[in-house]
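A.B. asks: The lines below spell out each chain.
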Amino acid sequence: MAQTHSNDAFVAFERVQKSYDGETLVVKDLNLSLPKGEFLTMLGPSGSGKTTCLMMLAGFETATYGEIKLDGKPINNIPPHKRGIGMVFQNYALFPHMTVAENLAFPLEVRKLGKSEREAKVKRALDMVQMGAFGGRRPAQLSGGQQQRIALARALVFEPELVLMDEPLGALDKQLREHMQFEITRIAHDLGITTVYVTHDQTEALTMSDRVAVFNDGRIQQLAPPDELYEAPQNSFVAQFIGENNTLDGTVQEIRDGYAIVKLDSGETIDCKPVNVSKPGERTLVSIRPERVEIDKSRLHPDAHTLQAEVLEFVYMGDIFRTRLRVAGREDFVIKTRNAPDQRRLKPGEMIEIGWLADDCRALDA
Amino acid sequence: MADTTTDGPMLAADGTPLKQSLARALRRQKIRALMLTAPLLIFVLVSFIMPIGSMLMRSIQNTAGTEYVPDILPNVVAELEEWDPTTGELPSEAAFKAMIIDFQVAFENKQHTQLGRRFNYETPGMSSLFRKSGRKVSRMDVAEITDAKAALLDVDEDWGNLQYWATIKANSGYYTSSYYMAAFDAERTIEGVQMKDPDQRIYQKLMLRTLWLSGLITFCTLAIGYPVAWLLADLPLRTSNLLMILVLLPFWTSLLVRTSAWKILLQEQGVINDIWIALGFSDRLSLINNQLGVVIAMTHILLPFMILPLYSVMKTIPPSYLRAAKSLGATNTTAFLRVYFPQTTPGIGAGALLVFILAVGYFITPELVGGADGTFISNRIYFQFSTLGNWGLAAALGTIMLAVVLLLYYVYDKLVGIDNVKLG
Numbered sequence: 001m002a003q004t005h006s007n008d009a010f011v012a013f014e015r016v017q018k019s020y021d022g023e024t025l026v027v028k029d030l031n032l033s034l035p036k037g038e039f040l041t042m043l044g045p046s047g048s049g050k051t052t053c054l055m056m057l058a059g060f061e062t063a064t065y066g067e068i069k070l071d072g073k074p075i076n077n078i079p080p081h082k083r084g085i086g087m088v089f090q091n092y093a094l095f096p097h098m099t100v101a102e103n104l105a106f107p108l109e110v111r112k113l114g115k116s117e118r119e120a121k122v123k124r125a126l127d128m129v130q131m132g133a134f135g136g137r138r139p140a141q142l143s144g145g146q147q148q149r150i151a152l153a154r155a156l157v158f159e160p161e162l163v164l165m166d167e168p169l170g171a172l173d174k175q176l177r178e179h180m181q182f183e184i185t186r187i188a189h190d191l192g193i194t195t196v197y198v199t200h201d202q203t204e205a206l207t208m209s210d211r212v213a214v215f216n217d218g219r220i221q222q223l224a225p226p227d228e229l230y231e232a233p234q235n236s237f238v239a240q241f242i243g244e245n246n247t248l249d250g251t252v253q254e255i256r257d258g259y260a261i262v263k264l265d266s267g268e269t270i271d272c273k274p275v276n277v278s279k280p281g282e283r284t285l286v287s288i289r290p291e292r293v294e295i296d297k298s299r300l301h302p303d304a305h306t307l308q309a310e311v312l313e314f315v316y317m318g319d320i321f322r323t324r325l326r327v328a329g330r331e332d333f334v335i336k337t338r339n340a341p342d343q344r345r346l347k348p349g350e351m352i353e354i355g356w357l358a359d360d361c362r363a364l365d366a
Numbered sequence: 001m002a003d004t005t006t007d008g009p010m011l012a013a014d015g016t017p018l019k020q021s022l023a024r025a026l027r028r029q030k031i032r033a034l035m036l037t038a039p040l041l042i043f044v045l046v047s048f049i050m051p052i053g054s055m056l057m058r059s060i061q062n063t064a065g066t067e068y069v070p071d072i073l074p075n076v077v078a079e080l081e082e083w084d085p086t087t088g089e090l091p092s093e094a095a096f097k098a099m100i101i102d103f104q105v106a107f108e109n110k111q112h113t114q115l116g117r118r119f120n121y122e123t124p125g126m127s128s129l130f131r132k133s134g135r136k137v138s139r140m141d142v143a144e145i146t147d148a149k150a151a152l153l154d155v156d157e158d159w160g161n162l163q164y165w166a167t168i169k170a171n172s173g174y175y176t177s178s179y180y181m182a183a184f185d186a187e188r189t190i191e192g193v194q195m196k197d198p199d200q201r202i203y204q205k206l207m208l209r210t211l212w213l214s215g216l217i218t219f220c221t222l223a224i225g226y227p228v229a230w231l232l233a234d235l236p237l238r239t240s241n242l243l244m245i246l247v248l249l250p251f252w253t254s255l256l257v258r259t260s261a262w263k264i265l266l267q268e269q270g271v272i273n274d275i276w277i278a279l280g281f282s283d284r285l286s287l288i289n290n291q292l293g294v295v296i297a298m299t300h301i302l303l304p305f306m307i308l309p310l311y312s313v314m315k316t317i318p319p320s321y322l323r324a325a326k327s328l329g330a331t332n333t334t335a336f337l338r339v340y341f342p343q344t345t346p347g348i349g350a351g352a353l354l355v356f357i358l359a360v361g362y363f364i365t366p367e368l369v370g371g372a373d374g375t376f377i378s379n380r381i382y383f384q385f386s387t388l389g390n391w392g393l394a395a396a397l398g399t400i401m402l403a404v405v406l407l408l409y410y411v412y413d414k415l416v417g418i419d420n421v422k423l424g
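Going down the list, the protein sequences come from chains A and B.
Numbering of the first sequence is given in this note's numbering, commencing with residue 1 and proceeding in unit increments.
Numbering of the second sequence is given in this note's numbering, commencing with residue 1 and proceeding in unit increments.
Looking at chain A on its own, in the form it has when it is part of the complex (with noise of 0.2 Å):
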């Protein structure tokens, strides 16, 4: 089944491995698949692999085992100048001795195209990432947000399929940052090219791909859509690198129509869904997301199962309330509420009863 998948993807990492020292793999046996104009985005943490996995398919890297293809063929032997593949860098490596024009048609120059065909290409190109006016201009007169632009027009000026970006937004501002990922968005999905993002800001990731691969010690931990990654998450690390995330240790005591029943190691039982757990006496992590938690009792299930909390700390965010809560023996749990006219504001001291739905509370790898 891997087998006919691959074949009508665009972008295949076939039981690809990475080791620069001969002694540890920095990436772990990876299978990745991606079809054509897809936005993917390789997350995880620093030193997970994800930017050794992007290094590999532009042909800066070696794979020390496996098989990278693009397009159904194998790439592994391929110069990286022959490739064909567009790339944002980190620092955006735009030539400082060019200017912004010159940077632009560098590309097209050396595919050897005429005067005329290169000029109509890179205004079309400095148009499109609104920056028309600032041919003639150095790189270095430029402010952060303007090189990333250019660096994103001369990756896409030479009409590639595949455009790689190495952490591009992470030098930038967050207003700024928050405004070129929907411009970095809006543009793969009207050239309809193919992307792969790498980055370690999980908020970009959820808001921009696709599809988000988690990375985490040399192994993809989760490849899943960003709602799916976030509501569902495969296991522990996944659930606790995306988002918020409120975490009780415990052991199943059993598993009912399609329930798992688990004793946490302070004592209390709660209901939770099973994701990683198959039998009576495993240890779990349970995780719940902070706005999954519900205050109020008369909006639970009758039989659910409550625990006692003591409020610690009440921080007011504007749109929503942080509380920060003693369960179960921890005092980092948290719980986010809605800022509505009805909403209760709690105060620290206060005794408090908490639970969710059953569905909300998901039993993963210890």
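If you are wondering where the hints come from, they were derived from the structure by calculation, not from laboratory data.
Be aware that one or more of the hints could be misleading.
Pairwise CB distance ranges, derived in the manner of DEER restraints [what the hints assert, rightly or not]:
| no. | chain 1 | residue 1 | chain 2 | residue 2 | range |
| --- | --- | --- | --- | --- | --- |
| 1 | A | P79 | B | I245 | 32 to 40 Å |
| 2 | A | Y20 | B | L248 | 48 to 56 Å |
| 3 | A | K174 | B | L18 | 49 to 57 Å |
| 4 | B | T333 | A | G318 | 25 to 33 Å |
| 5 | A | S116 | B | F48 | 52 to 60 Å |
| 6 | A | Y20 | B | Q343 | 21 to 29 Å |
Only part of the chain A face toward chain B is listed, based on derived beta-carbon distances under 7 Å [stated by the list, open to error]:
| no. | residue |
| --- | --- |
| 7 | A58 |
| 8 | T62 |
| 9 | F89 |
| 10 | K115 |
Every residue gets a Cβ at the ideal spot worked out from N, C-alpha and C, and that includes glycine.
Dock chain B against chain A, hints included.
C.D. replies: Frame of chain A, contents of chain B only:
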């Protein structure tokens, strides 16, 4: 804030002009900074600016020993003022008489040989004339002489040499251009200033040779140093440190030792020639005591001065530029030529300038391995003041060299822009 919109200078809180009170606030800082740099300023003044100033002066001062020529021969200078050597006639009787008077004073002060040597720089033969005439002229009684011309010709018939008198007239001022004339291979004859015969124009030849060989050495250091600097900048720190030590090693050994080592390697019976013969070739190569030897030895000695500025520039070029170029479709060669190389030009500029200027003034190495056709202008300068004692000519040659280097620096600034040079 109505007062900020009024005309006139901005005022500080106490009503004094803002500029004035700012200057007062900064004065202490400025004085402290000046005090800290004072030792260096004094050192530079004493060891650099004053010697150069003195050199510039020496190249135009017309002195014999420590005194100016017109002060030693005041009467002669006055009498020769009216005389025109192009008429082909000897100076007047009064001039001969003045010469006897001035010569006796000069003999008294033991200056006549120095005077002779001074004129001998211009016209060979005058040194011996002055030396030989010394005692005889000093015994004359000026009051009794009726025909001074005959008396002098009686002492030595060379006193009738028109060229000698012309030389004395030409060098009768406090300042002279004759050193510069000699440095440009020109000479003053009775007919006026002329260039020497082409085969006697040694300074021109030496100057051009010095510039040409320095240029060649600069090119060789660049050709050899560029890849090394690139490797140094590209390698991981631990390896590059080791390599850097190897590059710097020549810095820590004496220049003389290094040059002598090259002598051992390159000489006719030396290591390289022995290997050459052992390989089956029959003719020994002449690798030393010629221009080739100078180029080899100086390229080696000056190599670090090229590598270090190159390295410091290359270190600042992130590898992502080359990667970006390749991802955009450039081959390795194109990526290097269009993206990497242009960014290293500040380093090339700095290294080339440094090596060239050092090479132009180099002395020991050409002296030891240069032989006859590999000597530089600096060797000739040294010869002029140490062997011939002709400080004026040595100073003139030095000044010309300084001017040439400054001119090259200016041209370089116009072409490359000195702001683009990065020394580290």
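A.B. asks: Taking the hints in turn, state whether each one holds.
C.D. replies: For each hint, the structure was consulted:
no. : hint                         : verdict
1   : P79/A to I245/B: 32 to 40 Å  : holds, 35 Å
2   : Y20/A to L248/B: 48 to 56 Å  : violated, 30 Å
3   : K174/A to L18/B: 49 to 57 Å  : violated, 39 Å
4   : T333/B to G318/A: 25 to 33 Å : violated, 57 Å
5   : S116/A to F48/B: 52 to 60 Å  : holds, 58 Å
6   : Y20/A to Q343/B: 21 to 29 Å  : holds, 27 Å
7   : A58                          : holds, 6 Å
8   : T62                          : violated, 14 Å
9   : F89                          : holds, 5 Å
10  : K115                         : violated, 17 Å
When each numbered hint is compared with the structure, violations occur for hints 2, 3, 4, 8, 10.
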